[in-house]
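> Residue numbers (the numbering used here), protein chains in the order written: chain A, 537 to 865; chain B, 537 to 865; chain C, 537 to 865.
No lab work stands behind these hints, which were simulated from the structure alone. Incorrect hints may have been included.
For identical chains, the list gives no copy identity; a pair is met inside one copy or between any two copies.
[Claimed, not checked] DSSO-like cross-link-like pairs, simulated, lysine-lysine; straight-line CA separation at most 30 Å:
#1 Lys864 - Lys700
#2 Lys864 - Lys741
#3 Lys698 - Lys864
#4 Lys615 - Lys586
#5 Lys741 - Lys698
#6 Lys741 - Lys615
#7 Lys864 - Lys707
#8 Lys741 - Lys586
#9 Lys741 - Lys707
#10 Lys586 - Lys707
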Amino acid sequence: MSRPIFNPQLTPLGDLRHLLGIEGLGRPILEEILSTAETLVDSSNGTTRKVPLLRGKTVANLFFENSTRTRTTFELAAKRLSADVLNINVAASATSKGETLLDTLRNLQAMQCDMFVVRHSASGAAHFIAQHVEPHISVINAGDGQHAHPTQALLDMYAIRKFKGDLSQLKVVIIGDLLHSRVARSQIHALNILGVGELVTVGPKTLLPEHFRELGARVEHNLDPALANADVIITLRLQRERMKSASLPGQDEYFQCYGLTQRRLQLASPDAIVMHPGPTNRGVEIEASVADGPQSIILDQVRCGIAVRMAVMSITMGNVERALHENKQ
Amino acid sequence: MSRPIFNPQLTPLGDLRHLLGIEGLGRPILEEILSTAETLVDSSNGTTRKVPLLRGKTVANLFFENSTRTRTTFELAAKRLSADVLNINVAASATSKGETLLDTLRNLQAMQCDMFVVRHSASGAAHFIAQHVEPHISVINAGDGQHAHPTQALLDMYAIRKFKGDLSQLKVVIIGDLLHSRVARSQIHALNILGVGELVTVGPKTLLPEHFRELGARVEHNLDPALANADVIITLRLQRERMKSASLPGQDEYFQCYGLTQRRLQLASPDAIVMHPGPTNRGVEIEASVADGPQSIILDQVRCGIAVRMAVMSITMGNVERALHENKQ
Amino acid sequence: MSRPIFNPQLTPLGDLRHLLGIEGLGRPILEEILSTAETLVDSSNGTTRKVPLLRGKTVANLFFENSTRTRTTFELAAKRLSADVLNINVAASATSKGETLLDTLRNLQAMQCDMFVVRHSASGAAHFIAQHVEPHISVINAGDGQHAHPTQALLDMYAIRKFKGDLSQLKVVIIGDLLHSRVARSQIHALNILGVGELVTVGPKTLLPEHFRELGARVEHNLDPALANADVIITLRLQRERMKSASLPGQDEYFQCYGLTQRRLQLASPDAIVMHPGPTNRGVEIEASVADGPQSIILDQVRCGIAVRMAVMSITMGNVERALHENKQ
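All chains should be built: construct the whole structure from the sequences, respecting the hints.
Below you can see the structure in the form of C-alpha cells.
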C-alpha cells in the first residue's frame with residue numbers, strides 16, 4: 537500500500553493526525569475510521585454509547601461560518617467521547633486579518649485546547665490552521681469553502697456500506713451542483729479510494745464542468761439515462777445564491793431537469809437508496825415524497841454522523857498522543 | 537383511580553412519558569413527581585445533589601421563544617442529573633414553515649437526543665412535537681403560548697406543600713391576568729387534582745372571563761373581600777403588551793385595584809405566603825415591600841424549581857426506557 | 537503578618553472567599569494561590585490536568601461586558617475542575633436598573649449556583665455583587681471598569697516567577713496607558729505585596745498621572761532611560777477610544793514615544809522578558825517582531841492563566857465550605 541510521500545494530515549508514523557480532506561488518504565485509514573465507528577454503535581438499538589476516550593481533552597469548535605447543524609453534530613460527538621467542548625463563534629469576533637486569526641489560534645493553544653473543529657467559508661482554511669498548530673493539536677475540517685467536507689463524505693460511506701454492502705458492486709450517481717459542492721468533492725475521493733464499482737456525476741454544464749472526469753467520475757448532463765441500474769443516488773443541495781451566478785433559468789426548470797422525482801427513481805435499481813447531505817430543498821433538487829419515502833436514508837445519514845465523527849476524533853487524538861510519545865523516546 | 541382513556545402524555549403502561557400539561561394527569565403522577573423531587577434535595581442545606589440518573593443522555597433545549605431564566609433552570613437541572621445539554625435557539629434559525637420544524641426535530645432525533653425541552657409562543661407546540669417524536673424521546677413543555685407551563689405549576693405545588701402542608705386545608709387565591717397566563721391555567725389544574733381546599737381567582741373582567749369557573753375556580757373581580765382567610769396568594773405577571781389589548785386604563789389603576797400591597801396582605805390569614813412566577817413588575821402586580829417581605833416565598837419557588845425539574849426529567853426518561861423494554865419483550 | 541481589620545474578600549477566618557482585587561490581600565494569600573497553581577500543572581508537559589475539585593459545583597460566568605477571551609479561560613478553568621458551567625451574557629438581558637441586577641443575582645443564587653465570575657464595565661461592580669450574595673457563594677472579579685483585574689495580575693506574577701525567579705531581585709517596567717488600565721493597577725499591587733525589587737511605570741502625562749506614585753511605583757515619562765537594566769517589561773494595550781479622550785496626537789506618534797521596539801528592548805537587561813495582557817495592537821504599543829520574538833512570553837501568560845484561575849476557584853470554594861462548616865459548629 538503506497539502512501540503519499542508528504543501529506544500534512546499524517547504524523548511522521550503515517551497515521552491520521554488531522555482530517556482536512558479525503559484526497560490523498562490511503563484506503564486503510566478510511567477503513568479504520570469506518571470500522572471504529574462501527575464499534576461505537578450499540579448494535580441493540582443503533583445508538584452511540586457515552587465513552588471516556590476523550591476524557592480530560594478540550595475540543596474547540598471554531599465556526600467562522602454559521603452552521604448550527606454541523607456544529608451540533610460535532611458538539612454531540614465530542615460530548616459522547618466525554619471531552620469538554622468550547623463553542624467559539626469566530627465570525628462574531630473581529631478576525632478579518634490573517635494575523636488576528638493566528639493570534640486567536642495561538643491563544644486557544646495556550647489555553648490547552650487539544651482539537652480544533654474548523655468551519656470556514658474559504659477553501660484551504662483548515663489546511664492553513666493545521667500548518668500553524670502545535671504538535672499536540674489535531675485539526676478537523678468541518679467544511680471549508682468549496683473544497684472539502686471530509687466527515688460528511690465518511691459518514692456517507694458508512695451509510696452506503698450499512699445499507700448496500702460492498703462498494704465494488706455498486707453504481708453510485710451524484711446529481712446536482714457539483715462545481716460548488718465540498719461534499720461532492722469529498723464523496724468522489726472517498727468512493728474512489730474505497731473502490732466503488734461505477735461512479736457517475738450528473739448536472740447542468742454550468743454546475744458540472746468536464747474536468748470532473750479527472751477526479752475519477754463519469755460526467756453526464758442528462759439525468760434519466762444516467763439513473764439506469766443505479767444502486768445509490770446522492771442528491772446535492774442547490775444553493776439559491778448559486779443559481780443566479782450560474783445563470784440558471786430558475787428552480788422550476790432545474791427541478792424539471794435534475795430534480796429527483798418518484799418517476800425518475802423508478803429508472804434506478806428497485807432497491808436503490810436515496811441520499812442527501814441536508815438540509816434539503818424539497819421541490820428543487822428532490823421531490824418531497826422521495827425525500828420522505830421508503831428508499832430515502834437521509835436521516836440515517838445524520839444518525840451515522842455521530843459515530844463517524846466520534847471515530848475520527850478518537851483516532852486522530854490517539855495518533856497525536858502516540859506521535860508525541862514516540863518523539864520523546 | 538380512573539385514568540383518561542387516551543392521554544398523549546402517557547406510555548401504554550399509563551406512566552408519564554411527556555410532560556405537556558397538567559390537565560388530565562392523575563393525582564398519583566403528580567404525587568410521584570413531588571415526592572421524587574423531595575428525595576433529590578439534600579435536607580441538610582436545601583440544595584440538590586449531582587446525581588447520575590441521566591448520565592449518557594442528551595437533553596436538547598429547544599427555545600423558539602427567548603427565556604434565559606427558564607432555559608437556565610432546565611439546563612442546570614439536566615446537568616445536575618449528569619446529562620449532556622444542547623442549547624438550541626431555534627428562533628435564530630429559519631423555521632417559519634411547519635415542515636422545517638419537523639425537519640429540525642427529525643435531525644435532532646437522528647443525532648440521538650433523548651429529551652426535548654420545548655418553549656414556544658404558540659399554544660399546542662409541545663403537543664405537536666410530542667406527536668411526531670420517536671418512541672425513545674420524551675418532550676417537556678417549558679411553556680407554550682397561553683396554554684400551559686406545567687413545571688412551573690408543579691414547583692409551585694411543591695413550594696406550597698413545603699411551606700403550608702396539606703392542600704386540602706388551604707384557601708388559595710390567584711390574582712391578575714388569568715386569561716393570558718399559561719402559569720395560572722396549569723396551577724388551577726394542579727391545585728384541583730391535588731385536592732385544594734378552596735380556590736379563588738381574582739382579576740378584572742377583561743382578564744378573567746366567567747368561563748374560568750369551568751376549570752374549577754371561583755371567579756371574583758373584587759380583590760379585598762376575596763383575600764379573607766387566604767393561606768396562599770399567587771400573583772401573576774402582567775405583561776405590558778397585554779395591557780393595551782385588554783384596554784386597561786393603565787398600570788397605576790391596575791395596581792390600585794389588583795396590586796398586592798402591604799395593606800391588602802393584612803386582609804389574608806396572618807401566616808399567608810405570597811408567590812409569583814417571576815420576573816415581578818414591582819409597583820404593577822405587587823408592591824416591592826411585599827415581594828421582598830417575610831411572607832414572600834418567590835425565591836424559594838425558584839429554589840424548588842431545580843429539584844422538581846430534575847424529578848420530571850428523571851421520571852419521564854425512566855418511563856420511556858421501561859416502555860421500550862416492555863415493548864421488546 | 538498583619539491583616540486588614542475588615543476586608544470584604546475574606547471569610548471571618550481570614551481566608552480568601554471572593555477575589556475582587558489584589559489591594560489589601562496579604563502576601564500569604566497570594567503565595568498560596570501561586571503555589572496551588574503550580575500543583576495543578578503537569579510538570580512533564582506544562583498542561584493542567586482535569587481534577588474533580590469542583591465536581592457538583594456550578595460556576596456562572598456573568599458577563600455584563602463582552603469578552604470571549606476572558607470568558608473562555610474561566611470556562612476552561614472551571615471545566616478542568618469538573619464544575620458545571622453556565623454562560624450568562626447579561627448584556628443581552630435588560631438589567632439597566634440596579635434592582636433588576638439584584639433580582640438576577642437572587643435568582644441565580646436560588647438556582648444554587650456556587651460561584652459568580654463577573655465581568656463588568658463599571659468599577660466596583662464585583663464588590664457590589666459580593667456584598668449581596670449569600671454565604672455559600674464566591675465571587676471572582678474578571679475585570680471591572682478601570683478598577684481591577686486580579687486574576688490577570690496573579691497569572692502575570694506566576695509567569696514572572698516561572699521565567700525570572702525571585703521578585704525581590706527584579707526590576708519591572710510597566711509601559712503605557714496606566715490611567716485606564718485595570719490590569720496595571722492590579723499588577724502594581726501584586727508586585728508590591730510580593731516584594732518586587734524595583735517598579736517603574738512609564739507613559740505620557742495624560743495617561744500616567746503623578747498620583748501613581750502613591751500606589752508604590754516610580755513614575756517616568758521618558759521610556760529609553762527607564763528601560764535600563766529592566767528584567768521584566770510589561771506593555772499595556774492602548775484602547776483606540778482612549779486615544780481621542782486623552783488627546784493623543786495619534787498612534788504613530790504614540791508608537792514612536794512608547795512603543796516597545798527591537799531597538800528599545802536592547803536597552804534592557806539582555807535576558808529581559810516581554811509581557812502583554814493581550815490582545816496586542818502590533819505597531820501601536822509593541823513592535824510585531826518583539827511580540828513574536830524570543831524574549832516575549834505573551835502566550836506563556838495565557839498558558840499560566842488556566843492554572844492560576846483553577847487555583848483561585850478551588851481555593852475560594854474550599855474556604856467558603858470551611859467557613860460554612862465552622863459556622864454550623
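> Are the hints correct? Go through all of them and say.
Hints, one by one, checked against the model:
no.	hint	in the structure
1	Lys864 - Lys700	between (45 Å within a copy, 27 Å between copies)
2	Lys864 - Lys741	neither (54 Å within a copy, 52 Å between copies)
3	Lys698 - Lys864	between (41 Å within a copy, 23 Å between copies)
4	Lys615 - Lys586	both (8 Å within a copy, 15 Å between copies)
5	Lys741 - Lys698	neither (33 Å within a copy, 63 Å between copies)
6	Lys741 - Lys615	neither (43 Å within a copy, 52 Å between copies)
7	Lys864 - Lys707	neither (48 Å within a copy, 37 Å between copies)
8	Lys741 - Lys586	neither (46 Å within a copy, 55 Å between copies)
9	Lys741 - Lys707	within (22 Å within a copy, 71 Å between copies)
10	Lys586 - Lys707	neither (36 Å within a copy, 49 Å between copies)
Hints 2, 5, 6, 7, 8 and 10 from the earlier list are contradicted by this structure; the remaining hints agree with it.
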